[in-house]
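Peer 1: When you get a sec, could you build the whole thing from the sequences and use the hints?
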Amino acid sequence: MIQNAIVGGSNNAIMTTLESGFYMTSTETGLFQSVYELVAIFTYPLVGYFGDRSRRKTRWIAISMGILSCGFLVMSFPHLLESKRGKPPLEPHVADHLTLCNPERKINVCSISSNLRFLSHLKYVFYLSNIINACGSAALPTLAVTFIEDLFPEEKAPIAQGIYYAVGGIGIGLGFLATSQFLKVYTYIKKPLWLTPVYSEWVGAWWLVYAL
Numbered sequence: 049m050i051q052n053a054i055v056g057g058s059n060n061a062i063m064t065t066l067e068s069g070f071y072m073t074s075t076e077t078g079l080f081q082s083v084y085e086l087v088a089i090f091t092y093p094l095v096g097y098f099g100d101r102s103r104r105k106t107r108w109i110a111i112s113m114g115i116l117s118c119g120f121l122v123m124s125f126p127h128l129l130e131s132k133r134g135k136p137p138l139e140p141h142v143a144d145h146l147t148l149c150n151p152e153r154k155i156n157v158c159s160i161s162s163n164l165r166f167l168s169h170l171k172y173v174f175y176l177s178n179i180i181n182a183c184g185s186a187a188l189p190t191l192a193v194t195f196i197e198d199l200f201p202e203e204k205a206p207i208a209q210g211i212y213y214a215v216g217g218i219g220i221g222l223g224f225l226a227t228s229q230f231l232k233v234y235t236y237i238k239k240p241l242w243l244t245p246v247y248s249e250w251v252g253a254w255w256l257v258y259a260l
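Mapping of the sequence shown onto our numbering: position 129 corresponds to residue 177, and the numbering continues sequentially without gaps.
There could be a bad hint or two in this list.
Stated by the list, open to error - Cβ pair distances, simulated, as ranges: (1) F200 / L128: 37 to 45 Å; (2) F98 / V246: 36 to 44 Å; (3) I237 / F98: 41 to 49 Å; (4) K239 / M63: 39 to 47 Å; (5) G114 / Q81: 38 to 46 Å; (6) T106 / P240: 49 to 57 Å.
These are calculated hints, taken from the structure and not from any lab test. Using N, Cα and C, we set each Cβ at its ideal position, and we do this for glycine too.
Peer 2: This is the structure:
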């Protein structure tokens, strides 16, 4: 359920936040989603084959859960690395007044450009996270299903598998709901009083669901 909540729910819910907060294009966010499926094409068959032959499915599943946890943790790293975002923005009409009415005000274009470039490069951390997630998820739709068959009697195994898949579907919905609530919280503890989700400068706490 947690895997589906993150991969199927949260990853989709934060797309617009990644585009606005890390200056990613729609192509780059699409690649963020696609890289999971591309890696899964190779990892799922390999883990399913070797895991079943090893006769140690529980160990494979446990290792996969550990890898998946690492992937979630890596996903939250950009929040720690984005300190270059700088101070929270001024209220729009105040910023306009300072810029237009103060001829001596200087804007360091090179510094701004460097910060934007740094933030945009954090997309590679997101890609890495989804690659790790694809490796860690491989045991769930392969070994976990056959493990249920081994664990339950023949007449009860289909029911148990149905519950397993149903819980996964519920996880996607819970992932969307939880992330939507986290996005209503500003990404930093301190924020300007005027800043609310209606402003384009708002960046929600997308990282909380991965850190938790």
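Peer 1: Next step is simple, just say for each hint if it's right about the structure.
Peer 2: Status of each hint after checking the structure:
{"no.": "1", "hint": "F200 / L128: 37 to 45 Å", "result": "43 Å, holds"}
{"no.": "2", "hint": "F98 / V246: 36 to 44 Å", "result": "51 Å, violated"}
{"no.": "3", "hint": "I237 / F98: 41 to 49 Å", "result": "45 Å, holds"}
{"no.": "4", "hint": "K239 / M63: 39 to 47 Å", "result": "22 Å, violated"}
{"no.": "5", "hint": "G114 / Q81: 38 to 46 Å", "result": "24 Å, violated"}
{"no.": "6", "hint": "T106 / P240: 49 to 57 Å", "result": "51 Å, holds"}
In this structure, the earlier hints numbered 2, 4 and 5 are contradicted, and the remaining ones agree with it.
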